[in-house]
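Undergrad: Chains G and V supply the protein sequences, listed in that same order. Heads up: the first sequence begins at 0 in numbering that gives the first Met the number 0, then just goes up one per residue. Heads up: the second sequence begins at 0 in numbering that gives the first Met the number 0, then just goes up one per residue.
Treat the hints with care, as some may be off.
Said to hold, decoys possible - Partner residues aside, some chain V positions facing chain G, computed with beta carbon under 10 Å:
hint, residue
1, Gly51
2, Pro56
3, Ile60
4, His82
5, Gly102
6, Phe125
7, Gly153
Honestly, the hints are just simulated from the structure, not real lab data. As the structure is a prediction and not an experimental result, all values here were calculated from the model. Just so you know, even glycine gets a beta-carbon here, dropped at the ideal spot from N, CA and C.
The lines below spell out each chain.
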Amino acid sequence: MNSGAILKGRAMVQTGAVTLDGNTITAPTCAASPSSSSPNGPSTLASLATAPQYTCPTIGIGIIAPIIIESRRVDADSVFVSWGPYSGTDKFNVRYGMSKDKLLYNVDVTGFSTTINALPSNQPIWVQIAARNECQIGTYEASRLVGGPSLPSAGFGPRENKAPWYFLVSIFNRFLSRR
Amino acid sequence: MAFPLLTLVNFTQGIEEKTVSQRQDPELPVRLLIPAINVNARIQDVGVALNGEMEVPNNAIDVGWFKIGSRPGEVGSAVVAGHIDGESGEVGVFANLYKLKEGDLLYIEDDKGTSITFVVRKKLIFDPGYADEVFSRNDGAHLNLITCDGLWDGVKKSYSKRLVVFSA
Chain G
0 MNSGAILKGR AMVQTGAVTL DGNTITAPTC AASPSSSSPN GPSTLASLAT APQYTCPTIG
60 IGIIAPIIIE SRRVDADSVF VSWGPYSGTD KFNVRYGMSK DKLLYNVDVT GFSTTINALP
120 SNQPIWVQIA ARNECQIGTY EASRLVGGPS LPSAGFGPRE NKAPWYFLVS IFNRFLSRR
Chain V
0 MAFPLLTLVN FTQGIEEKTV SQRQDPELPV RLLIPAINVN ARIQDVGVAL NGEMEVPNNA
60 IDVGWFKIGS RPGEVGSAVV AGHIDGESGE VGVFANLYKL KEGDLLYIED DKGTSITFVV
120 RKKLIFDPGY ADEVFSRNDG AHLNLITCDG LWDGVKKSYS KRLVVFSA
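For reference, chain G alone in the conformation it holds in the complex (with noise of 0.2 Å):
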């Protein structure tokens, strides 16, 4: 500002700094404010500075909680999975673990199906889904496990017959024996 120069209000500085040499600054009073009573009338300063209130929408009417439809391991650390019917949503929210009750891990996913990858290896996977908006998860289907072990290899197979082993074995410890 020049020096001596008289500002009504306020001063502020986009790049550098306001100096005062000898300014006059006066602080005009503001105005009455419209009343807020008018319908129609402009909104009172105060309300314009509150926030905005958001409110989170429900999960829509007749949305369920899908069930799970197909699943499968896709090799030893991810297991795919597909789920229906369609309730007017195609957001979901699939919650997994190794364990029924302990489902420690979740993915948002849009659309029908995923895939399920880095998982520990080889290890059952419990899942289950819901429908989920922007902002809420809605009610879970029971778990599932869906990435059960291979089958288990449950037999020791035929004994092997070692007896003309044996056999040859005595004849030749005999053989040995005289000499």
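Position chain V relative to chain G; hints supplied.
TA: Below, chain V alone, put in the same frame as chain G:
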């Protein structure tokens, strides 16, 4: 179903007077009976082996229930495995599993003395490997029995097929 511990407190004295455990452990299967093939076997709990296969019981006369899956009688697939033969060449508990036919009855006894009845629905032969149909049904209470089938592969030290009896 687990209930929280119920603690009785004598508030007049301000000290804990008595603690009563109301915990009810879930029923665990302890015995499998299959009258049609004269099976009356103790049930061991088994999990997953390092190679990703379901574990098997440590002898030829017991059967192994896959404890990570559903319990018999719960919604889901309860899975029980048994040997077809033993390490010393003895007959395994499920050596005659192939003789079961649709309609045969299976019974699981739990540790509370309750018996749950299942009816054989079908038998299927699988290749070794993953079989989600065996572990992942969710449309009722299923009991699936597994043993080996097919030919012995001396190199792989395993039978070539798996026999699964589905019951519900």
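Undergrad: Can you give the numbers of the hints that this structure goes against, from lowest to highest?
TA: Numbers 3, 5, in rising order.
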